[in-house]
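S.K.: Spelled out, the chains give:
6 protein chains.
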Amino acid sequence: MSIRRGLFLGRFQPYHNGHHAVIEQIASEVDELIIGIGSAQWSHSFDNPFTAGERVLMVRRAIKHLPITTYVLPIEDIQRNSLYVAHIKTIVPPFSVVYSNNPLIRRLFEEEGIPVRRTEMVERELYWGVEIRRRMVNGEPWEQLVPPAVTEVLREINGLERLRQVTASDAVVPQDLRGGGSA
Amino acid sequence: MSIRRGLFLGRFQPYHNGHHAVIEQIASEVDELIIGIGSAQWSHSFDNPFTAGERVLMVRRAIKHLPITTYVLPIEDIQRNSLYVAHIKTIVPPFSVVYSNNPLIRRLFEEEGIPVRRTEMVERELYWGVEIRRRMVNGEPWEQLVPPAVTEVLREINGLERLRQVTASDAVVPQDLRGGGSA
Amino acid sequence: MSIRRGLFLGRFQPYHNGHHAVIEQIASEVDELIIGIGSAQWSHSFDNPFTAGERVLMVRRAIKHLPITTYVLPIEDIQRNSLYVAHIKTIVPPFSVVYSNNPLIRRLFEEEGIPVRRTEMVERELYWGVEIRRRMVNGEPWEQLVPPAVTEVLREINGLERLRQVTASDAVVPQDLRGGGSA
Amino acid sequence: MSIRRGLFLGRFQPYHNGHHAVIEQIASEVDELIIGIGSAQWSHSFDNPFTAGERVLMVRRAIKHLPITTYVLPIEDIQRNSLYVAHIKTIVPPFSVVYSNNPLIRRLFEEEGIPVRRTEMVERELYWGVEIRRRMVNGEPWEQLVPPAVTEVLREINGLERLRQVTASDAVVPQDLRGGGSA
Amino acid sequence: MSIRRGLFLGRFQPYHNGHHAVIEQIASEVDELIIGIGSAQWSHSFDNPFTAGERVLMVRRAIKHLPITTYVLPIEDIQRNSLYVAHIKTIVPPFSVVYSNNPLIRRLFEEEGIPVRRTEMVERELYWGVEIRRRMVNGEPWEQLVPPAVTEVLREINGLERLRQVTASDAVVPQDLRGGGSA
Amino acid sequence: MSIRRGLFLGRFQPYHNGHHAVIEQIASEVDELIIGIGSAQWSHSFDNPFTAGERVLMVRRAIKHLPITTYVLPIEDIQRNSLYVAHIKTIVPPFSVVYSNNPLIRRLFEEEGIPVRRTEMVERELYWGVEIRRRMVNGEPWEQLVPPAVTEVLREINGLERLRQVTASDAVVPQDLRGGGSA
Chain A
5 MSIRRGLFLG RFQPYHNGHH AVIEQIASEV DELIIGIGSA QWSHSFDNPF TAGERVLMVR
65 RAIKHLPITT YVLPIEDIQR NSLYVAHIKT IVPPFSVVYS NNPLIRRLFE EEGIPVRRTE
125 MVERELYWGV EIRRRMVNGE PWEQLVPPAV TEVLREINGL ERLRQVTASD AVVPQDLRGG
185 GSA
Chain B
5 MSIRRGLFLG RFQPYHNGHH AVIEQIASEV DELIIGIGSA QWSHSFDNPF TAGERVLMVR
65 RAIKHLPITT YVLPIEDIQR NSLYVAHIKT IVPPFSVVYS NNPLIRRLFE EEGIPVRRTE
125 MVERELYWGV EIRRRMVNGE PWEQLVPPAV TEVLREINGL ERLRQVTASD AVVPQDLRGG
185 GSA
Chain C
5 MSIRRGLFLG RFQPYHNGHH AVIEQIASEV DELIIGIGSA QWSHSFDNPF TAGERVLMVR
65 RAIKHLPITT YVLPIEDIQR NSLYVAHIKT IVPPFSVVYS NNPLIRRLFE EEGIPVRRTE
125 MVERELYWGV EIRRRMVNGE PWEQLVPPAV TEVLREINGL ERLRQVTASD AVVPQDLRGG
185 GSA
Chain D
5 MSIRRGLFLG RFQPYHNGHH AVIEQIASEV DELIIGIGSA QWSHSFDNPF TAGERVLMVR
65 RAIKHLPITT YVLPIEDIQR NSLYVAHIKT IVPPFSVVYS NNPLIRRLFE EEGIPVRRTE
125 MVERELYWGV EIRRRMVNGE PWEQLVPPAV TEVLREINGL ERLRQVTASD AVVPQDLRGG
185 GSA
Chain E
5 MSIRRGLFLG RFQPYHNGHH AVIEQIASEV DELIIGIGSA QWSHSFDNPF TAGERVLMVR
65 RAIKHLPITT YVLPIEDIQR NSLYVAHIKT IVPPFSVVYS NNPLIRRLFE EEGIPVRRTE
125 MVERELYWGV EIRRRMVNGE PWEQLVPPAV TEVLREINGL ERLRQVTASD AVVPQDLRGG
185 GSA
Chain F
5 MSIRRGLFLG RFQPYHNGHH AVIEQIASEV DELIIGIGSA QWSHSFDNPF TAGERVLMVR
65 RAIKHLPITT YVLPIEDIQR NSLYVAHIKT IVPPFSVVYS NNPLIRRLFE EEGIPVRRTE
125 MVERELYWGV EIRRRMVNGE PWEQLVPPAV TEVLREINGL ERLRQVTASD AVVPQDLRGG
185 GSA
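Chains as they are written, first to last, in this note's numbering: chain A, 5 to 187; chain B, 5 to 187; chain C, 5 to 187; chain D, 5 to 187; chain E, 5 to 187; chain F, 5 to 187.
Simulated from the structure, these hints should not be mistaken for lab results. One or more hints might be untrue.
Same chains, same names: a pair is fine if it fits in one copy or spans any two.
Below, a list of computed lysine to aspartate or glutamate pairs in the EDC-like style, where the Cα atoms sit at most 20 Å apart [claimed, not checked]: (1) K93 to E165; (2) K68 to E36; (3) K68 to E115; (4) K93 to E144; (5) K93 to E160; (6) K68 to E114.
Given the structure is predicted, the values throughout are model-derived calculations rather than measurements.
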């Protein structure tokens, strides 16, 4: 395969300027870029408010100016670390390099002999996702932390209202609400 | 559908007077009532000590005096919020209104265009389930918090002995015991 | 949602001229087009020789000339018909019309109140997929039945060799080989 | 347990006079009767056209005249024979006897030491379900083969229209349609 | 890894002289041998009558004379071909060569760069499993086709009685009995 | 069954001297011993760093001196307590006694009428697994807490390097890293 195709993984809850800077950097190093939307099956919680399809929409609109071919693909969690790389290799086009700073992700790909490169964004990425959702719930300013296309999609899908409701009206701490309405 | 059929969801670990008061209230507003027993696949833990079948027995006996047709049906967790409403619609007869105070449950049904009504019982329901199990484990009085039929069923199935044993003999805090007997 | 976004579903084993004609037709009727690659988790069999990622590659290259925004997204089978529509709605961006001639697919979306339109291609599509794979296995001409981009991808991934091997060296009839090498 | 509680399993696609005769017979031998609706997760196919909830409705209405307590409970297939009995014991109230003529079902319960009794209905039950659906698809008379309550429910849920559509307009033979609309 | 560890896969329903000859051959070529018992989760059907644990017992007793270290390990089907090799690599100790004549198995390991060798037994292995079970059901002689240890285990677990019962009393053709006792 | 076959369950992350002492004790009480490796599907995390196959290797090498027949078998978590015993009975050869101090494990087997015996090792077993992994991550001495065979296997599979990397380079606390590399 002579095309250099890179893979970048994230949950994008929501896609924000931290992701954006990294992706623009990677785009200058590869011929084609696969963006895997992880935890695709989760939604409607504080940790994962938006569906995979909604996140596809955010990312696609935010990166449409990139000069290279991109693939934005939902990836369901497989919940078995030892199958994670095989799972991803099945869902996305062939790739020759993975971009990640996550030690587990790095290890899993390295054990399969796939090159992994670091990105500039280290710790702040994790902070950003939680912080942006916290601001959304509490009515504090967040728009400047995401590309304008994301704000637009969130308005179209009524995203903030959902985030606030699933986080509960009177508490920021998300609850475990599995299986019903009462204990 | 001219029959007004309502849906009420709970885990009923165990069914208690809090549930009972709400269900008697709802029963006066609908023609038929579906009671969904959530987290049906879990059992033998402090959070979910009783099987779905045992909970069916508790609820059925406790509500047999109600003057309307009732459906008491186990509902397994599906663990994907976005499929939860479709899952429930498949398992239970058609319904036209859901009774719930849980913000997530409310949101999920509302996104599908299904009417949701509040019940009188707000916060105390959650408290009750945990509190009753705590009392059972510690040998404190709990019978007055549940309908007599529930006490009867718990005696038939040896429920307290199981709850105490799975909670561990020397600790109230439940342990994560998955996969075996030693670390 | 003022954007008319359409959904077209297929397995694309492989993407062929029958799909291509339909997609070009649909592309003239909508603002944006979602192409869902069904049975995404299957591969390495006569019925489903190519992985989801390989099929993403085929479709993306074959339709890159289309003047509208397209989303090419893998969709795993969920194996419960009653959850199929909810599952798809989660994985792909919001859409307002589905294009399908399959009676089951049509029924499932119609029960959820989603408009479904017929396409020109009726029976022949089913025939094409099987016929093309049969030709590939038997060494008969097939390139004229698919867009040039598909031939290119199949060469890159060594697709014919895999198809022939999984179909077995001495029989066209695919075998059920689950779980091991001997009975 | 001094209550004799019996278990009868079926798919009830739809509930018909063959099931009805057996259930009336069993009802005269036990104190309480559990009716398990098997293959609860399947629907929208020729083999399993109706959802679990719709089948709950059929059975409940058809047997409401029985003088004993009944439990009509959906049971999802677990697809591992060796877990089937444990799965059922979890979902339904405790029972002391199973009614079945199916050799596999009989074997599985017998290996767990649970008594199994034969019913009068031997081979014809299998025939009835398929035959009734075949008649529904082809517009031949079928109402006399089911209790009036079933005809009523099928009309309420538009059951025949669904059965005909999922069976395809031009063929009685059901197709395997998994994963999308084209091959 | 300086130890040459080989992997051989089978379903062993039951373990027979065809398997035995191949395993004795392989044992002379490797330092250690892993025998994977495929389709481990299935049992109680004509195709897969015996549980994984029962098959472990058969194989272990039949090969206890081998002079090398052996690992007899159940392997559940994963039902996604693209994850099969990663799944096996997780469940069994590291291995450097696979023995198989099955074209799919060969292909899957070869795509992962793992060497695969042919065994002497080609077609007859498939025949043997079905033929032996057919003879067991019909009361024809079969003991000479399996090692004595297998006959011994089958007697201990009452294996023939189960096989005959799940195959149905009046038909050799296995039925699809999923989900309940009536159609 | 005249053979006394015992079952002992553990996760063995890693196999250590605490397990070893208990197993040598049990080996003096039974004819054959089954060692079930629980949580078989998990790996590459601080809690479960090693794959099932790697743990099979550790245990097998460490107990090869035992004078009785042993079965070392991976057991995947089934995540439904009520099916746990049926699941295990399927995967392993028939057994007549279980050795466990875990109250949940004891309860589950006792409810199925299977005898359970206590072992000498009470609380310390849990401590040992966590403590050994903590020492490995922090570079403190741990070899004296495991049999020499385990040290050997860990060296062969590069086990410490993996444990350290998945635990993250700058923190002992394991992170939840599911689904991707950024929030």
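S.K.: With reference to the structure, classify each hint as holding or not holding.
M.R.: Quick rundown of the hints versus the structure:
1. K93 to E165: Cα proximity of K93 and E165: across copies only (19 Å, versus 36 Å in one copy).
2. K68 to E36: Both, since 13 Å and 14 Å are each at most 20 Å.
3. K68 to E115: neither (34 Å within a copy, 29 Å between copies)
4. K93 to E144: For K93 and E144, neither the intra-copy (40 Å) nor the inter-copy (30 Å) Cα distance is at most 20 Å.
5. K93 to E160: between (33 Å within a copy, 15 Å between copies)
6. K68 to E114: For K68 and E114, neither the intra-copy (31 Å) nor the inter-copy (33 Å) Cα distance is at most 20 Å.
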